[in-house]
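From just these sequences and the hints, can you work out the full model?
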Amino acid sequence: MAKAKTQYVCQNCGTTTVKWVGKCPDCGEWNSFVEETVQSEPKRLQGISNKSDPKLIGNIVSGDKERYDTGIHELNRVLGGGLVKGSLTLISGDPGIGKSTLLLQCANQVSLKYGSVLYVSGEESEEQIKIRGDRLGVVAEKLYIVSETSLEVIESHIRDLKPAFVIIDSIQTIYSDRVTSAPGSVSQVRECANGLMRIGKIMGIPLFIVAHVTKQGELAGPRVLEHMVDSVLYFEGERTEEIRILRTMKNRFGTTSEIGVFEMAQEGLVEVYDPSRIFLEDHMGSKEGSVVIGIMEGTRPILVQVQSLVAETKAVMPRRTSLGIELPRLNLILAVLEKKLRIPFYASDVYVNVVGGLSVEGTSQDLGLALSLVSSAKGKQLKYDRLIAVGEVGLTGEIRPVNHVERLISEGMKMGFENFVLPKRSLEKVKIKGINLIAVDSLKEAVNKLF
1 MAKAKTQYVC
11 QNCGTTTVKW
21 VGKCPDCGEW
31 NSFVEETVQS
41 EPKRLQGISN
51 KSDPKLIGNI
61 VSGDKERYDT
71 GIHELNRVLG
81 GGLVKGSLTL
91 ISGDPGIGKS
101 TLLLQCANQV
111 SLKYGSVLYV
121 SGEESEEQIK
131 IRGDRLGVVA
141 EKLYIVSETS
151 LEVIESHIRD
161 LKPAFVIIDS
171 IQTIYSDRVT
181 SAPGSVSQVR
191 ECANGLMRIG
201 KIMGIPLFIV
211 AHVTKQGELA
221 GPRVLEHMVD
231 SVLYFEGERT
241 EEIRILRTMK
251 NRFGTTSEIG
261 VFEMAQEGLV
271 EVYDPSRIFL
281 EDHMGSKEGS
291 VVIGIMEGTR
301 PILVQVQSLV
311 AETKAVMPRR
321 TSLGIELPRL
331 NLILAVLEKK
341 LRIPFYASDV
351 YVNVVGGLSV
361 EGTSQDLGLA
371 LSLVSSAKGK
381 QLKYDRLIAV
391 GEVGLTGEIR
401 PVNHVERLIS
411 EGMKMGFENF
421 VLPKRSLEKV
431 KIKGINLIAV
441 DSLKEAVNKL
451 F
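Residue numbers are given in this note's numbering: position 324 of the sequence shown equals residue 324, and the series is strictly consecutive.
It should be emphasised that the hints constitute simulated quantities derived from the structure, not laboratory data. Since we're looking at a predicted model, the values are computed, not measured. Accuracy of the hints is not assured; some may be wrong.
[Claimed, not checked] Across the chosen pairs, the derived CB separations fall in these ranges:
1) E267 - G22: 46 to 56 Å
2) H227 - Y273: 46 to 56 Å
3) N31 - K142: 43 to 53 Å
4) S359 - I435: 21 to 31 Å
5) G416 - L395: 28 to 38 Å
6) S150 - K5: 22 to 32 Å
7) E263 - D160: 34 to 44 Å
8) Q381 - K444: 54 to 64 Å
[To be verified] Here are the computed lysine-lysine pairs in the DSBU-like style, where the Cα-Cα straight-line distance is at most 30 Å:
9) K19 - K5
10) K424 - K287
11) K340 - K424
12) K378 - K449
13) K85 - K113
14) K340 - K314
15) K444 - K314
16) K130 - K85
17) K5 - K23
18) K287 - K340
19) K444 - K287
20) K380 - K444
21) K431 - K449
22) K414 - K340
23) K429 - K414
24) K5 - K55
25) K433 - K339
26) K414 - K424
27) K55 - K23
28) K380 - K424
29) K340 - K85
30) K130 - K113
31) K383 - K444
32) K424 - K449
33) K314 - K378
34) K449 - K433
35) K429 - K449
36) K287 - K314
The C-beta atom is built at its ideal place from N, Cα and C for all residues, glycine as well.
Here it is as structure tokens:
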């Protein structure tokens, strides 16, 4: 009997070698190679085929993809309007963050509107899912639950039921008989994801697959998994906090700048339609080191509070800690403040936090961040209460304009704010009257006017 051929596969990036190595030559990961058996003749997927002929591009009918309404407005926003037929969506997040809860709520709503939905769980029994469904108020009559890990059995269930929507929880627990390696390995994840993708594309069924994350918070499994799917969603938040944020990392059918905001409650995940009110927590008065900023998340204006703490230290290397704002951005603002305003931060620890756990991207938060750092360093409050700061800080200390200033001001007015600091070049775009607009050209001018 011939000896089976084996190879070593990196479980981080999928690189293969003929012998074991300690460090992956491609991704640099240590101790990630696992021995797997090489199949001489890989089996083809049985029972499903997608025979198609080449078509002239002029003869192909284009248009908007038909979408299913998930019944959850915040999820529809992140997906770009709903579930696209034949799409494959990957959702990941830390354990216990609420992925299964969100998907079970989504399955209930889709089943009530469009018919049969298949929920496949490789980690929980049917009884466990039923207990969660009772707590969430699941009432759909055509929601099918199955605890299964074999890809071939799952394929037969999909062919028999012909559901409108399929959920796989999770891809790391599914295995195929066509691959000899263990479930969760690179080969198994790649093979199972490819099989599910073919089923969805051929039968026109939208699929949601759940993926685990590593200790560093990155998507577990091979990077090719992200390239295979149509959308990648990431569920983030602290398990000890109530706020959950659903963020799009990739979306072939919509924008990647939208976020969905949820609040974890006893009855499940509750949509938050006014996130500014949640993140601000009735913050109106001026406090040392605290400034409210306005940012745009896709088409939605959001107001959040930035807090800074500048504390003197005797350490040789002062600490720089930032939660919610990129650390390189914080270092850039500190350098501008030291160079242009002569404020010494080299002998102080600096801590920055965005209240509510939201991760802020872009540059519209620069001015508010700089003002909060100056406020904490000087030990002074801002001159105005009910104030919002919007603007980008350049390396020369100038305040540059940002987009959607008028929408951010309108959101602030709705929340009861009366004073707005903004770049002078953005003043002509604002047509709103009855508010105090403080226009500034430079960081030095902003500090002089507000302290």
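Requested in this report: State the violated hints by number, sorted upward, taking the hints as numbered earlier in the document.
Outcome: Numbers 2, 8, 22, 24, 25, 27, 29 - these are the hints that the structure violates, sorted from lowest upward.
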